[in-house]
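Peer 1: Next come the chains, spelled out residue by residue.
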Amino acid sequence: MLKMPEPDADVLARRKSIVADLRDIVPGEGVVDATSEMRAFETDALTAYRQMPLVVVLPETVEQVSRVLRYCHKNGIRVVPRGSGTSLSGGALPLADAVLLVMSRFNRVLDIDYANRAVVVQPGVTNLGITHAVQDEGFYYAPDPSSQIACSIGGNIAENSGGVHSLKYGLTTNNVLGLEVVLINGDKVRLGGKHLDSEGYDLLALMTGSEGLLGVVTEVTVRILQKPETARAALIGFPTSETAGQCVADIIAAGIIPGGMEMMDRPAIHAAEDFVHADYPLDVEALLIVELDGPEAEVDFLLAEVEALALRNGATTIRVSKSEEERATFWAGRKAAFPSVGRISPDYLCMDGTIPRKELPRVLAGMRELSEIHGLRVANVFHAGDGNLHPLILYDANKPGELAAAEAFGADILRLCVKVGGVLTGEHGVGVEKRELMPEMFNEIDLDQQMRVKCAFDEKHLLNPGKVFPQLRRCAELGRMHIHAGAMPFPDIPRF
Amino acid sequence: MTSGDPHLRPTTEDQVRDAVAWAAVEKTPLEIVGHGSKRAIGRPMQTAETLSLADLNGLTLYEPDELVLAAWAGTPLVEIEKVLAENNQRFEFEPMDYGPLLGEEPGRGTIGGMLAANLAGPRRLKAGAARDHVLGIRCVTGRGEIVKSGGRVVKNVTGYDLSKGLAGSWGTLAVLTEVTMKVLPRAQTEATSVLFGLTDSDATAAMSLAMGSSGEVASAAHLPESVKGRFIDGQLPRAATVLRLEGFGPSVDYRFERLAQLLAPFGPTERLDDAQSRQLWQEVRDVKPFADGTMRPVWRVSVAPMEGHALVAALRLKAGIDAFYDWQGGLVWLRMEAGADAVGLRQAIRAVGGGHATLVRAAPELRRSVDVFQPQPGPLAALSARLKAEFDPIGILNPGRMAALKAPEPA
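Note that the protein sequences, when read in sequence, are chains A and B. Residue 412 in my numbering sits at position 412 of the first sequence, and the numbers go up by one each step. Whatever position you read off the second sequence (first residue = 1), add 1000 for my numbering.
Warning: the hint list may mix true and false statements.
[What the hints assert, rightly or not] Derived DSS-like pairs (lysine-lysine); straight-line CA-CA distance at most 27 angstroms:
1) B:Lys1182 <-> A:Lys358
2) A:Lys227 <-> A:Lys168
3) B:Lys1027 <-> A:Lys168
4) A:Lys168 <-> B:Lys1318
5) B:Lys1148 <-> A:Lys460
6) B:Lys1318 <-> A:Lys358
7) A:Lys358 <-> A:Lys3
8) A:Lys227 <-> B:Lys1182
Treat the hints as calculated values from the structure; they're not laboratory data.
I would like the entire structure built from these sequences, with the hints used as guidance.
Peer 2: Laid out in structure tokens, this is it:
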């Protein structure tokens, strides 16, 4: 278990009065303090870590959120915000001395504005819920994390979620127009809106992907898009991952930006085929799904280009979807990759690193070596278009040492990603899972400056502490200036 | 006021750090410039020294297959765009060129300035602004420390997004030293669909219909009667509502026809082909009608797309203005015939549901007397000030350019 911030004994001792005070702010069922009822909240989708919170609060109004935060701020109580709890990096892991602020009651669509192509929702609305609200008019919300049926848009903001569509349509950060945020001191601020760009600092950019460390989102404005006229997918099998990777590079180099471009390696293909029977070819090392969307004439034209590029790279199977049903079948295996791997192994750890695309063969080879070193199998699904890898490390939690081995294997994979020019996390966030790896990517000065951003929002480090940063420093300490220079630079330049 | 020529001209990132560290120790306010092409935007500053990034230039990474480019902050944008064009690529957000509007020659400006000003063009609706395409940065904070953020890959949620956070900060948080951007293939061809003679209100409705269709319209602008003569060598006979389509030839043709059918209730659609279309959109991007060699105040206003025309109608009752619309009506370029009327403009923006206005051109004395950037409500202004203090505790980087100087909060 990773070390979490030391619980504040004083806060633990005051639990009873804190619960009573919170009940004054959020009446009725909105405060949960019975162990049996809090059990449902003790972990998120990173189930290897569990922790009972101090108390669970489910506010219903922005005013309540503001009062809860102001109360916690005043009384030095930590707060962990939580959406649907689908985080894969432990972003919503409770702390023993912290209020778990669950935003699930904020579940209403507030405004659908087709003329401005903007939808205003509360943060507890699911990602797919937004699309459901506008699909009758032919619109949709583009970022589509695999968990979109369950994950909340507030959580998407916290994690800057992506998905299959992000290559062409961007991540959450590119599709959010505005936020209402309550700061830890209870202040309510509005960032953006239905208009574009910020009038000052781009705080919307800082909030998106901040993993609940900067503020609590109480309202979200997103842009919606009209559904493309048509979408068709090609299923392409390759004898090696290198040739598949080259095909991806060639497609991009040809100026084609697919709506989605996903790759699976042999173990993932076999697991998925056994599970959903999508009729995937089983004699290939890599399977590519390339989806083109847009006007029909364009899609037909581009699919022909993609086919030609695939053949040039030695593809052994090429099938192009002829119906919506067939397209859905192509995707069924990919979308079920995680549960299907779950069937062949008691447990699995899903990693999330991003690499420059051209490094794929090198990274896959490295993973094979690491697999032998750590004695664990790995299956790979890969957002091929944007270089986002999801190695699934298979292990058995009941075998002593296997979880630790899986974690060590995962950390080695992420180190490799950084080494080839990539990053530690593409879309799942740092959370608690990758916290200790941050120094692989950033030096102390980089991390200090990030923590100073935190200080501007939350000087006492009360919001979601223990996540993202490997160590916490007091803001006062971070505020000191250490300047070692001081000589006049460029003394030879004439001055006025 | 600042003196004429830049005095500090570092050629390496370490020298930038040394210069800022020196300024921090000496408590010497610095004006941060690249080529100085956007120097006239913002509140006039009291700075003792100018730090020019112009000699910190050159590409540091360009991998066309990976759709990524990085350059030192002082690299001229025109040079970068030339290299991209040679590889049939571009910055999808088509950074505007403020030069002509500010009375300077076009084509000056750097990649650092591009991000610091968060430049964007008419494709903003579909493709985003500089903020949406930055992948990573290196910078020197007001503490004299070199800091990096982000990386070179598209998908990255490792830590706070300081790269985007510095977009549009106008050199007040940190001195950018290196910028890494996503680039994209250039569209094979483009065409512009034109509807003539619409009122501002009807044009807004037409643009909304088009942008909400599956026609993948890349840009939508309305050029009213008063400005139509100043585009594409005076070839627009009447007020023009223009919609840009880009992509592969057959796709553009097909979408043009579909759009014409969809917009038939607004009148017949005419077509501008590739070259003329490109010229038109570059002129929209660079605000050609108001690049008139004068210093008459020009505002850049961002409101919800459907509200731009209502805002202009309300303002016309109070002041002499000339206006045209980009971003489906949501970006309003306003030239004031007399004073800046910041108060009246901002009241009108509130009345249409919010947004913001930046005074992008005005004489220094006017810029000194009004809020050039949109003032923020108390808690937001306080948060912004705290953020500034965390990057630049002594307040030496472009002090007062975005917000009037205030005494720093106690540590």
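Peer 1: Now look at each hint and say whether the structure bears it out.
Peer 2: Against the structure, the hints:
Straight-line distance between C-alpha atoms of Lys1182 of chain B and Lys358 of chain A comes to about 16 angstroms, which keeps the hinted pair within the 27 angstroms bound. Under the criterion of a C-alpha separation no larger than 27 angstroms, the hint pairing Lys227 of chain A with Lys168 of chain A is consistent with the structure, at around 13 angstroms. Between Lys1027 of chain B and Lys168 of chain A, the direct Cα distance comes to roughly 46 angstroms. Violation of the 27 angstroms bound is thereby established for this hinted pair. Under the criterion of a C-alpha separation no larger than 27 angstroms, the hint pairing Lys168 of chain A with Lys1318 of chain B is inconsistent with the structure, at around 44 angstroms.
Using a Cα cut-off of 27 angstroms, the hinted pair Lys1148 of chain B and Lys460 of chain A holds, with the two alpha carbons roughly 25 angstroms apart. For the hint pairing Lys1318 of chain B with Lys358 of chain A, the CA-to-CA distance comes to about 59 angstroms; that exceeds 27 angstroms, so the pair is violated. With a CA separation close to 36 angstroms, the supplied pair Lys358 of chain A and Lys3 of chain A exceeds the 27 angstroms bound. For the suggested pair Lys227 of chain A and Lys1182 of chain B, the alpha carbons sit about 25 angstroms apart, so the restraint of at most 27 angstroms is met.
Of the numbered hints listed earlier, those contradicted by the structure are 3, 4, 6 and 7.
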